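**Q** As they're listed, the protein sequences go chains A and B. FYI, in this note's numbering the residues of the first sequence are 1 to 314. FYI, in this note's numbering the residues of the second sequence are 1001 to 1362.
Where hints are given, some of them may not hold.
Taking CB as the label site, the calculated pair distances span [said to hold, decoys possible]:
1) 203/A with 1022/B: 33 to 43 Å
2) 1295/B with 85/A: 34 to 44 Å
3) 1245/B with 257/A: 51 to 61 Å
4) 302/A with 1047/B: 30 to 40 Å
Hints are computed from structural coordinates only; laboratory data are not their basis. The structure presented is a predicted model; accordingly, all values stated were derived computationally and were not measured. Glycine is no exception: its CB is placed at the ideal position from the N, C-alpha and C atoms.
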Amino acid sequence: MLTAASPTVASLTVASLNRTALATRLAGPGLLVQTGPFVSRIRSSIGHVAEGIELLYGDYPLLAEDSFADFHVGLQPSGGLRRWYKPQVNFDLDGLVPFEPLPEAHAFPMLEWGLNWCISTRAHSWLMIHAAVVERDGCAAILPAPPGSGKSTLCAALVHRGWRLLSDELALLRPDDGLLVPVARPVSLKNRSIDVIRAYVPEAVLSRPVSNTTKGTVAHLKAPADSVARVRETARPAWIVFPKYEAGAATTMTPLTRTDTFFRVAGNAFNYSEMGARGFTTLAGTIERCAGYDFRYSDLDEAIAGFAALEPPP
Amino acid sequence: MKALPVLVRLLRDPPLAAGLGLPEWDLALRQSTCTNLSPSLLALLEEHDLLERVPAAPRAHLEWVRALATRHRQAARFEVECIQAALGAQAAPLLLLKGAAYTMAGLRAGAGRLYNDIDILVPKARLDAVEAALMLHGWASSGHDAYDQRYYRQWMHELPPMQHLRRRTSIDVHHAILPETAPLHPDPDKLRAAAVPVDGAPGLATLAPADMVLHSAVHLFFDGEFDKGLRDLLDLHRLFQEFGVRPGFWDALPARARELELGRPLFYALRYSRRLLGTPVPQAVLEAMAPCGPRRPLLALMDALFERALLPMHASCDDALSAPARFALYVRGNWLRMPPLLLARHLFHKAFISRKDAPETV
Chain A
1 MLTAASPTVA SLTVASLNRT ALATRLAGPG LLVQTGPFVS RIRSSIGHVA EGIELLYGDY
61 PLLAEDSFAD FHVGLQPSGG LRRWYKPQVN FDLDGLVPFE PLPEAHAFPM LEWGLNWCIS
121 TRAHSWLMIH AAVVERDGCA AILPAPPGSG KSTLCAALVH RGWRLLSDEL ALLRPDDGLL
181 VPVARPVSLK NRSIDVIRAY VPEAVLSRPV SNTTKGTVAH LKAPADSVAR VRETARPAWI
241 VFPKYEAGAA TTMTPLTRTD TFFRVAGNAF NYSEMGARGF TTLAGTIERC AGYDFRYSDL
301 DEAIAGFAAL EPPP
Chain B
1001 MKALPVLVRL LRDPPLAAGL GLPEWDLALR QSTCTNLSPS LLALLEEHDL LERVPAAPRA
1061 HLEWVRALAT RHRQAARFEV ECIQAALGAQ AAPLLLLKGA AYTMAGLRAG AGRLYNDIDI
1121 LVPKARLDAV EAALMLHGWA SSGHDAYDQR YYRQWMHELP PMQHLRRRTS IDVHHAILPE
1181 TAPLHPDPDK LRAAAVPVDG APGLATLAPA DMVLHSAVHL FFDGEFDKGL RDLLDLHRLF
1241 QEFGVRPGFW DALPARAREL ELGRPLFYAL RYSRRLLGTP VPQAVLEAMA PCGPRRPLLA
1301 LMDALFERAL LPMHASCDDA LSAPARFALY VRGNWLRMPP LLLARHLFHK AFISRKDAPE
1361 TV
């Protein structure tokens, strides 16, 4: 279903800037890019950032320099000796530096993590759950899971086999109507999943893998163009699936009780407590309307067949 | 004085909201976010029925903080109930200070105001009993080494901050409103004697209006940290506005300030609340307080310092002198807190012996 059916303005996308123009904007006034309901102004003089954005953000709307931005983020080289010796990058949200600096080669993953952090610590208009969200025929599956569960790998595979990407990291549940608001951004792949997805989706566009991060080797997968184009289409949550990759395991989809589902989703929420009673009613309503499952898999084709067999709850 | 930052202009004159363009909203919300004033701004805009006049993008952004403000108010009320239950007769009535007092008394200064701890004032003779009762109910003083413990207990006007072990909420138990080592000694017995009950909340009390203003003033202008300076100045502005229409408030304020040795902080509060936020103050009060101000050359210096430090802590509000101004006020704040020798010893300990907190990793 469409929200706020705005007149289709032939708007500019980031791809309208060539590499030089992109780097100039990033190093100068900042690049204003819209991802779902958020506008970020990104400033950076670091080449890795321009490279990652050029590769993965071409399809996103580019906004004029005097537009309103929700997040003013910077990725700038650390000063002092670090300019020459093992250069580092600092992430800042309008002057606030929430993290320790990282090696400069980690600048693009740091942008992705930093933007997730901006949303999950600020955007309290939605109940935010740490989960991937994919949709098919108007029904969405929420995949909450801790790191290492194979959530992103499964999400990356699903969105290249007929599912639409709403998000890889953030399920935004709108309290007014319980619908999921997309914030389709690149999918973060770690370690072995990078090669798994390269083999499974040969046409996939991935950012240059960065090794030795706190999460191991990391690469980001470009969000499918269709998912980016349909980012204003909200979706109704239908299933809550807790994925777990286990080498050699048979594909099993085990139904969960509503109570179990509720507490496990609440445990994965970023702002359940901040949202107070609204958080509870939003989550309770979602659980009421959804079927909850534990899902084990080891083979992606079987996993996708398992998802295809999901019946919309009554 | 230079042109005021857009956030300050908005707080000073909320109807301006109807005419701001997107770039100005962008800047105003950046300034309010870094000063933790977005919920207060939201409350102010709603109070003036102006939220609908804010363009969609900044309005949606402002809505993000509504949940935080609602939750904060609810959590503060719950916490006050827990403290009341824990202390019982040890602190009856329970005398609340600052943010919690504004919230519980339903003052406009409390609308959208965020604070991290609940402050209470108890008689010094009851400190041990109050601390013991809080500990029995799950609060413990945390994260303070032996030096910090001594710093608070021997020299300060409060116990080391206590945190509830399960809820992680904080409480500051004060027995006075200035450190024992400060040059001024506003008598806490006088403050408690004038305290007023909170309507509709049996067992709760706040300082009387004049005393509440004076405490807010001394807290802002005798302290060394100004990262929340604009928030505290807005408290004063709103307290002046709300109490100012009550009969007798302005007449009694100057005399009360002198009685409590708080003429100088009140002078500063009136001066900067007027200059930055346009607070209406009767001429007679200004004239009565004028002798409490510093002499002219010092006043010019204080203007230069406070009118920098009280602006939002945002790059758009800073000039070359902002950082030195904040540092000078930091030194002044410590200077006002304790005599020079003790201060030197304290700063040495903090600089070279106490550990610093490190930021988190991604």
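**Q** Next, verify each hint and record whether it holds.
**A** These are the hints, each one checked on the structure:
Under the hint 33 to 43 Å, the C-beta atoms of residue 203/A and residue 1022/B, about 39 Å apart, fit the expected range. Roughly 52 Å separates the CB atoms of residue 1295/B and residue 85/A, a value that falls outside the hinted 34 to 44 Å. A beta carbon spacing of about 58 Å between residue 1245/B and residue 257/A agrees with the range 51 to 61 Å that was offered as a hint. One distance hint, 30 to 40 Å for the beta-carbon pair residue 302/A and residue 1047/B, is violated here, with the actual separation near 59 Å.
The structure does not agree with the numbered hints 2 and 4 stated previously, though it agrees with the rest.
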